[in-house]
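A.B. asks: Sequence:
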Amino acid sequence: KQWYQRRVRGTISIVQGFGDDKFESSHVINNAHTTGVNAVSWAPSHPASTTLDPSSKDYDTVNKRFVSGGGDSMVRVWKFSGEEWACEAELKGHTNWVRDVAWAPDTGFTTSTIASCCHDGKVIIWQCSDLDKGNWESKTMHAFDDVIWHLSWSVMGDILAETIR
Numbered sequence: 001k002q003w004y005q006r007r008v009r010g011t012i013s014i015v016q017g018f019g020d021d022k023f024e025s026s027h028v029i030n031n032a033h034t035t036g037v038n039a040v041s042w043a044p045s046h047p048a049s050t051t052l053d054p055s056s057k058d059y060d061t062v063n064k065r066f067v068s069g070g071g072d073s074m075v076r077v078w079k080f081s082g083e084e085w086a087c088e089a090e091l092k093g094h095t096n097w098v099r100d101v102a103w104a105p106d107t108g109f110t111t112s113t114i115a116s117c118c119h120d121g122k123v124i125i126w127q128c129s130d131l132d133k134g135n136w137e138s139k140t141m142h143a144f145d146d147v148i149w150h151l152s153w154s155v156m157g158d159i160l161a162e163t164i165r
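For the sequence shown, the numbering used here assigns the number 165 to the last residue and increments by one with no breaks.
Don't read these hints as lab results, they were simulated from the structure.
Note that CB positions come from ideal geometry on N, CA and C, so glycine has one too.
There could be a bad hint or two in this list.
Lysine-lysine pairs mimicking DSS-like chemistry, simulated, CA-CA at most 30 Å apart [unchecked claim]:
1) K79 <-> K92
2) K92 <-> K133
3) K139 <-> K92
4) K122 <-> K139
5) K139 <-> K79
6) K22 <-> K92
7) K122 <-> K92
8) K64 <-> K133
9) K22 <-> K64
10) K122 <-> K133
11) K79 <-> K122
12) K122 <-> K64
13) K64 <-> K92
14) K64 <-> K139
15) K64 <-> K79
16) K79 <-> K22
Ranges of calculated distance between the beta carbons of each label pair, as one might list FRET restraints [unchecked claim]:
17) F144 <-> E24: 19 to 29 Å
18) S129 <-> K22: 15 to 25 Å
19) E88 <-> D20: 26 to 36 Å
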């Protein structure tokens, strides 16, 4: 099966590897963002604060989530439940195209952290202490006079790099 297939604007494809250079499109999210998807970033595989504590009751829980940003000025958090991906949160705060999103690595912090940047010059940090409740809080870190194109967290998740046009 061909893993890459032509998709319509605003579509996210989840492609899974099976070894021996075999890749298959396992899921497709149509209309994830109405005017196009610009970025995606996977959440850490374990819930926040369990990575360093194997005795935690949640340690074996696999966190199947990612974040996306699009031309519709939205940041969306997606969760795999059952057999499909569903949008579990819409994070509003940008006024133009979201250029990049980055989910911070979990190195023992008690919150999940996402950074997003936008054509409007803003970098927003989103934090949530309980993903199942989905109470995301935002803080605008910068409001530059130019477009912010990309973001990247350090391996420890405590330093954020940003690129400006």
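A.B. asks: Each hint: holds or not?
C.D. replies: Comparing the hints with the structure gives:
As the CA atoms of K79 and K92 are separated by approximately 18 Å, the hinted pair is consistent with the 30 Å bound. For the given pair, K92 sits about 17 Å from K133 by alpha-carbon distance, which is consistent with the 30 Å threshold. Distance hint between K139 and K92 is fulfilled; the C-alpha atoms sit about 11 Å from each other, no more than 30 Å. Straight-line distance between C-alpha atoms of K122 and K139 comes to about 10 Å, which keeps the hinted pair within the 30 Å bound.
This hinted pair checks out: K139 and K79 have alpha carbons roughly 23 Å apart, not beyond 30 Å. About 37 Å separates the Cα atoms of K22 and K92, which puts this hinted pair outside 30 Å; it is violated. Note on K122 and K92: the hinted pairing holds, with a Cα-Cα distance of about 12 Å set against a maximum of 30 Å. In summary, the hint linking K64 to K133 is supported, as the alpha carbons are separated by about 15 Å, within the 30 Å threshold.
In summary, the hint linking K22 to K64 is supported, as the alpha carbons are separated by about 21 Å, within the 30 Å threshold. Proposed proximity of K122 and K133 is supported: the alpha carbons are some 26 Å apart, at most 30 Å. Proposed proximity of K79 and K122 is supported: the alpha carbons are some 26 Å apart, at most 30 Å. For a cut-off of 30 Å, the pair hint linking K122 to K64 stands: about 27 Å separates their Cα positions.
Simply put, K64 and K92 have alpha-carbon atoms about 22 Å apart, close enough for the 30 Å limit, and the pair holds. At most 30 Å may separate the alpha-carbon atoms for a hinted pair to count; K64 and K139 meet this at roughly 25 Å. At most 30 Å may separate the alpha-carbon atoms for a hinted pair to count; K64 and K79 meet this at roughly 6 Å. Distance hint between K79 and K22 is fulfilled; the C-alpha atoms sit about 24 Å from each other, no more than 30 Å.
The hinted range of 19 to 29 Å is not satisfied by F144 and E24, whose Cβ atoms lie roughly 40 Å apart. The hinted range of 15 to 25 Å is not satisfied by S129 and K22, whose Cβ atoms lie roughly 39 Å apart. Here the CB-CB span from E88 to D20 is close to 34 Å, well matched to the stated 26 to 36 Å.
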